[in-house]
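> Chains D and X, in that order, give the protein sequences.
Quick note: the first sequence uses our numbering, first residue 18, plus one each step.
Quick note: the second sequence uses our numbering, first residue 18, plus one each step.
Among the clues, some could well be false.
Identical copies go unnamed one by one, so any copy, or any two together, can satisfy a pair.
What the hints assert, rightly or not - Straight-line alpha carbon distances no greater than 20 Å define the calculated SDA-like cross-link-like pairs of lysine to any residue that follow:
1) K177 - I21
2) K494 - E224
3) K609 - T216
4) K659 - Y181
5) K65 - P158
6) K176 - T216
7) K212 - D182
8) K650 - T487
9) K189 - T363
10) K550 - E162
11) K212 - D187
12) K176 - N620
13) K65 - Q88
14) K335 - A201
15) K200 - I21
16) K491 - I586
17) K65 - K305
Simulated from the structure, these hints should not be mistaken for lab results.
Protein chains: 2
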Amino acid sequence: MEEIIIDFYPDQKAARIEKGGNLLKAAHAAGAHINASCGGAGTCGQCKVFIEKGEYESKRSDKLTEEEWQQGKRLACQTVALTDLVVRIPPESRLDRTVLKRKEKDAERDKSFGLTALKITIEEAFETEPVVVKRHVELMPPSIENNMGDLTRLIMALKKQYDYDNLDVDFKSLKTLSTILRKANWNVTVLILEKTGITPKIIGIEEGDTTDKFYGIAVDVGTTTLYVQLLDMKNKAVLAEASDYNPQISYGEDVITRILYAIKSSGLERLQEAVIKTLNNLINEVVKEAGISKDFISLIITAGNTTMTQLLLGINPKYIREHPYVPSVNFYPFIRACNLGFELPTHVYLYTMPVIASYVGGDIVSGVMACSIHQNQELVLFIDVGTNGEIVLGNSDWMVTASCSAGPAFEGGGVKYGMRATRGAIENVEIDVKTFEPTIYTIGNLKPKGICGSGMIILLAELFTKGLITPDGKFVKTLNTNRIREGENGYEYVLAWKDETQIGVDLVITEVDIDNIIRTKGAIYAGCSVLLKSVGLDFSNIEKFVIAGGFGSFINVEKAITIGLLPDIPQERFMYVGNSSLAGARLAVFSKEKLIEAERCANMMTNIELSNYPSFMEEYVAALFLPHTDLNKFPYVMEQIKGNN
Amino acid sequence: MEEIIIDFYPDQKAARIEKGGNLLKAAHAAGAHINASCGGAGTCGQCKVFIEKGEYESKRSDKLTEEEWQQGKRLACQTVALTDLVVRIPPESRLDRTVLKRKEKDAERDKSFGLTALKITIEEAFETEPVVVKRHVELMPPSIENNMGDLTRLIMALKKQYDYDNLDVDFKSLKTLSTILRKANWNVTVLILEKTGITPKIIGIEEGDTTDKFYGIAVDVGTTTLYVQLLDMKNKAVLAEASDYNPQISYGEDVITRILYAIKSSGLERLQEAVIKTLNNLINEVVKEAGISKDFISLIITAGNTTMTQLLLGINPKYIREHPYVPSVNFYPFIRACNLGFELPTHVYLYTMPVIASYVGGDIVSGVMACSIHQNQELVLFIDVGTNGEIVLGNSDWMVTASCSAGPAFEGGGVKYGMRATRGAIENVEIDVKTFEPTIYTIGNLKPKGICGSGMIILLAELFTKGLITPDGKFVKTLNTNRIREGENGYEYVLAWKDETQIGVDLVITEVDIDNIIRTKGAIYAGCSVLLKSVGLDFSNIEKFVIAGGFGSFINVEKAITIGLLPDIPQERFMYVGNSSLAGARLAVFSKEKLIEAERCANMMTNIELSNYPSFMEEYVAALFLPHTDLNKFPYVMEQIKGNN
């Protein structure tokens with residue numbers, strides 16, 4: 018077989034592939050990110066690239082306009098390389114990591130949206146120890162009179178000094194036991210895993226007193242983004258953090274496409290390897306930043322949705338999407354991290370937050386625990402909006418959960434120029450009520466290349482309240498503006514003219530886009546509404562409305578109420594918690610009690626299948642209006658509209 | 018580097034090595050056995066080979082006679098190959114597996130030696146279950162209303178049906194859980210490890226009801242020999258057995274040379290690999306013989322001395338022979354067998370019999386449990402004679418143990434024509450009281466090539482009682498026989514003339530040999546005596562004297578008393594148990610209670626360092642006489658000698 022080389026710019030990464038090989042796969046191999054939410058099926062049209070040099074064959078796709086084809090754009094997934102190639106990945110096809118750090122940091126901006134941050138009590142000192150503890154012991158050296166074996170000697174000292182009834186021991190730690198004891202002159206620190214209900218287990222032995230060097234890792238395994246925090250378990254502090262895109266994105270943007278990929282031959286292994294490789298990089302980053310030794314990492318706790326959890330652990334996610342939608346495992350045992358591919362010392366165990374159902378995962382359990390919903394009497398509605406909207410309703414006595422397929426609109430899917438909240442994304446818009454001219458604000462103050470979820474909410478509210486669209490999301494065609502026009506896909510509104518953009522074409526929002534956004538917001542609203550009804554309540558009963566997730570922190574509550582995404586209740590009841598999944602994992606690293614609380618939360622939650630409720634479809638259809646078919650539900654919005662007109 | 022090929026005959030095995038490579042190492046690589054008790058140091062002189070073809074360089078060694086050198090014999094360990102070689106391993110340098118099966122089977126012969134077999138209650142039905150159990154459950158399939166995860170569903174069913182309080186789960190079994198449950202239509206059998214003191218743990222899941230297919234493996238890891246039995250855990254039956262030499266012999270014959278080899282770079286790994294490779298072969302043999310599937314093996318239990326145990330598990334044995342002689346571990350956790358290199362399903366766990374001290378190991382604990390010493394009031398002295406003699410004294414209330422360095426005489430070491438009990442070994446001798454001519458009996462009725470341990474005892478007794486040697490082991494030079502003569506190494510007695518042997522030289526026993534045998538028997542006798550004294554007892558208190566080990570079954574009690582190896586107590590008190598180490602492992606596979614009893618035995622045993630007792634040296638010196646300095650201790654022997662003279 019003839020080998021050829023594909024160079025990717027601006028990544029400056031290269032892959033060596035067989036002649037005739039696929040360009041998207043070459044990008045995977047090179048580690049060059051190209052958006053491809055369909056996983057290479059040719060249906061999403063996101064993997065557009067310019068081939069600057071070399072010979073290739075490429076299928077024409079209706080995802081490329083005539084203009085793009087002429088410019089030399091091709092879909093990477095539809096292209097095979099015939100010679101060495103030089104490929105440039107344009108901005109709109111690239112994942113941009115630099116913007117990740119923006120999230121959760123821009124406090125000033127948060128306030129402008131009127132959301133209150135729910136303070137998660139991370140920095141509190143916990144009374145309890147972590148689930149892995151360090152026990153320092155000094156042993157009597159053996160003598161002819163006292164010549165019991167090394168392990169017996171160690172266990173007896175631990176039992177005496179720390180009151181253990183029984184101690185199990187990990188075989189791996191025995192191989193080096195005798196050498197370490199002698200090297201350390203019988204002065205050692207023992208790592209013990211103390212999960213309740215399981216016999217405490219010796220998992221590692223370190224020379225001398227290392228109780229000061231006691232580190233843990235918290236991980237949020239998001240479908241889109243991976244967050245890693247390095248924690249000082251002794252002083253309960255965050256030492257460093259890092260994040261990156263989940264590299265599985267290259268194999269499919271949402272959980273369903275990833276499950277489909279995982280079912281393919283070697284698919285599961287490939288997805289698992291990809292995510293663990295990136296996590297290893299992130300762990301190396303935080304360890305380097307904090308200047309600690311990996312040897313003293315003692316625990317890793319991850320939280321992720323059910324599919325991300327099963328992919329991380331290498332458990333086939335096939336049945337998640339098959340009726341009746343059950344996860345393989347709700348509560349996971351502790352797993353030796355290096356067995357999964359983590360480049361961590363063999364003594365490090367990984368704990369995974371328990372999951373509730375196929376579409377209500379460990380990220381939600383982690384978040385609910387972090388927000389202490391299970392510890393307070395007040396009624397909380399907790400939502401995490403992504404491709405799926407997960408909803409939890411309850412208090413310290415009970416909890417119900419549901420998930421609704423919101424669609425990918427807020428993450429950029431199904432919207433012509435939709436994109437994630439990265440640089441160049443329109444995140445705010447004001448439309449002049451007279452001229453209908455927009456003023457747009459982008460992340461990074463760059464020329465726009467698309468519009469992100471939080472921007473869509475504001476845009477839709479603006480279009481609606483300024484009278485450019487009707488409550489059913491159709492453009493008012495009689496207005497005196499050239500911004501509303503008929504385009505390829507029906508009527509559209511021009512947000513930015515070609516020359517003002519990074520993408521070289523007019524940046525528009527179409528009626529089809531608006532329809533998709535309305536369906537998304539309708540599904541979430543209907544989900545919350547039906548979940549409340551299922552327990553005999555309505556929105557007025559909610560005392561605290563918690564919006565979780567990175568996206569949540571950027572939602573403009575007023576505008577979200579305006580379009581009927583959020584219910585029309587007093588705005589001070591809304592709070593955001595940022596990445597509560599990561600926060601919960603962090604709490605569980607610090608405190609065994611918090612870990613147990615997460616399991617208690619999981620046990621409390623009853624999952625409700627919304628599709629089983631006949632009223633869900635009615636509620637959903639009623640919510641496919643701006644803000645809602647029943648305007649009485651939105652008195653504040655009614656007032657606003659009256660004010661504008 | 019130039020590669021050359023070394024062919025070994027009659028094994029018909031070949032190794033590809035670098036030019037200039039060592040011949041003994043080449044034999045290791047080829048898997049061709051050559052005796053080499055010094056591990057290749059050039060001091061034992063056992064690795065004699067004929068090089069039939071090719072060029073080589075070989076150092077002359079005083080272990081080779083002038084005649085042997087002329088015949089073309091070379092020490093493999095002192096030879097480097099310069100070209101392809103054809104090497105023939107002569108009978109005396111070869112380990113002979115065919116004879117292994119002889120042991121424990123020749124009931125008729127056993128009786129002739131007057132030993133009674135101690136019946137080990139192996140075939141008894143045990144009330145208790147094994148430590149790994151099989152639980153058959155039929156689950157309700159999931160539905161939208163009842164959609165808990167697969168593992169939760171399984172655990173709830175097990176808790177309900179089998180009354181578990183808590184269940185841990187092995188991560189490995191989770192990866193295939195969902196697939197198996199569906200394939201099996203929710204009808205499965207679950208393997209649960211139920212070690213006391215440790216939370217019961219799900220370790221495997223099998224389709225359908227497999228409770229009838231429930232197999233285990235018992236292994237005796239001897240320094241010389243490996244024994245494997247395949248067991249039917251449901252019906253408590255032995256299905257097949259197999260044995261082979263411990264391939265570590267090629268790296269050193271006794272535990273000390275192996276420890277020295279293990280300390281070398283990669284030595285430990287090589288020794289571990291060697292033994293596990295042979296165990297895998299033996300397991301394949303028994304599985305094939307019984308016609309079962311390996312998939313249904315559920316447990317493996319091994320027993321071995323402390324060094325064999327640490328080598329099997331890959332734990333550096335260095336400290337075993339360093340003051341104050343402590344093992345790394347007394348009580349081992351359950352270890353996943355495949356992690357050690359066993360070619361067994363991932364669900365199979367390995368349990369190792371606990372060890373007492375550096376030189377009192379799991380084989381002894383296993384044997385003591387098998388003999389039920391801990392369950393009876395009668396006082397038992399239990400000995401296992403090998404290179405080390407291990408001694409246990411006690412009953413259901415207390416036990417003390419000791420080991421004495423007996424020396425390798427009974428295993429063939431330190432005796433010019435000493436050898437293991439394999440084909441061609443002299444195992445019985447009668448000497449005519451008038452002519453001093455011997456009648457010899459060999460294993461397999463072949464021409465003799467050496468003399469084995471049980472043969473030495475009889476020979477020594479014959480030489481002594483027939484007046485050929487004095488009580489201090491010196492030849493009586495005034496007798497009218499050409500069989501007593503002065504040889505290279507001092508005075509000697511010719512057992513067989515050159516032409517009557519397989520080895521082409523006169524087969525003799527020398528005064529040096531006799532000295533070594535006397536030292537060995539003296540050490541064992543003194544060890545027993547001091548151990549008794551340490552608890553205020555003497556030989557007359559012993560109600561049962563149990564001789565363990567393959568060698569034990571072949572000891573002629575009368576002759577052993579005659580030379581003062583065994584004490585002069587009524588012969589009906591002596592019993593042999595054969596391979597009690599294997600028997601104990603087998604019992605522990607069948608019954609959790611027996612496994613716990615073994616641990617209880619280990620906890621009961623107090624190890625006594627004989628070297629700490631000043632009286633040991635006195636006792637030892639007093640025992641360096643035939644039968645003993647104090648003839649009053651041997652009234653029966655005194656009578657016999659009087660009868661002969």
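> Next, verify each hint and record whether it holds.
Hints versus structure:
In this assembly of identical chains, K177 and I21 lie within 20 Å of each other by CA distance neither inside one copy nor across copies; the values are 66 Å within and 61 Å between. With identical chains, the CA atoms of K494 and E224 are never at most 20 Å apart, being 77 Å at best within one copy and 65 Å at best between copies. Taking the closest pair of Cα atoms, K609 and T216 come within 20 Å of each other both inside a single copy (15 Å) and across two copies (19 Å). Within a single copy, K659 and Y181 get their C-alpha atoms no closer than 71 Å, and across copies no closer than 66 Å, so neither meets the 20 Å cut-off.
In this assembly of identical chains, the alpha carbons of K65 and P158 never lie at most 20 Å apart, being 68 Å within a copy and 45 Å across copies at closest. Taking identical chains as interchangeable, the C-alpha atoms of K176 and T216 lie at most 20 Å apart whether they share a chain (13 Å) or sit on different chains (18 Å). In this homomeric assembly, K212 and D182 come within 20 Å of each other (Cα to Cα) both inside a single copy, at 14 Å, and across copies, at 16 Å. In this assembly of identical chains, K650 and T487 lie within 20 Å of each other by CA distance solely inside one copy; the values are 18 Å within and 117 Å between copies.
Taking identical chains as interchangeable, the C-alpha atoms of K189 and T363 lie at most 20 Å apart whether they share a chain (8 Å) or sit on different chains (16 Å). For the homomeric pair K550 and E162, the shortest alpha-carbon distance between copies (18 Å) is at most 20 Å, but the shortest distance inside one copy (74 Å) is not. Both within a single protomer and between protomers do K212 and D187 lie at most 20 Å apart by alpha-carbon distance, with minima of 14 Å and 15 Å respectively. Taking CA atoms no more than 20 Å apart as the test, K176 paired with N620 passes between copies only; the shortest distance there is 17 Å, against 33 Å inside one copy.
Only within a single protomer do K65 and Q88 lie at most 20 Å apart by alpha-carbon distance; the minimum there is 11 Å, versus 81 Å between protomers. In this assembly of identical chains, the alpha carbons of K335 and A201 lie at most 20 Å apart only when taken from different copies (17 Å versus 49 Å within one copy). Taking CA atoms no more than 20 Å apart as the test, K200 paired with I21 passes in neither setting, with 53 Å inside one copy and 43 Å between copies. For the homomeric pair K491 and I586, neither the shortest alpha-carbon distance inside one copy (27 Å) nor that between copies (111 Å) is at most 20 Å.
In this homomeric assembly, K65 and K305 never come within 20 Å of each other (Cα to Cα): the closest approach is 35 Å inside a single copy and 59 Å across copies.
Checked against the numbered hints given earlier, the structure breaks hints 1, 2, 4, 5, 15, 16, 17 and satisfies all the rest.
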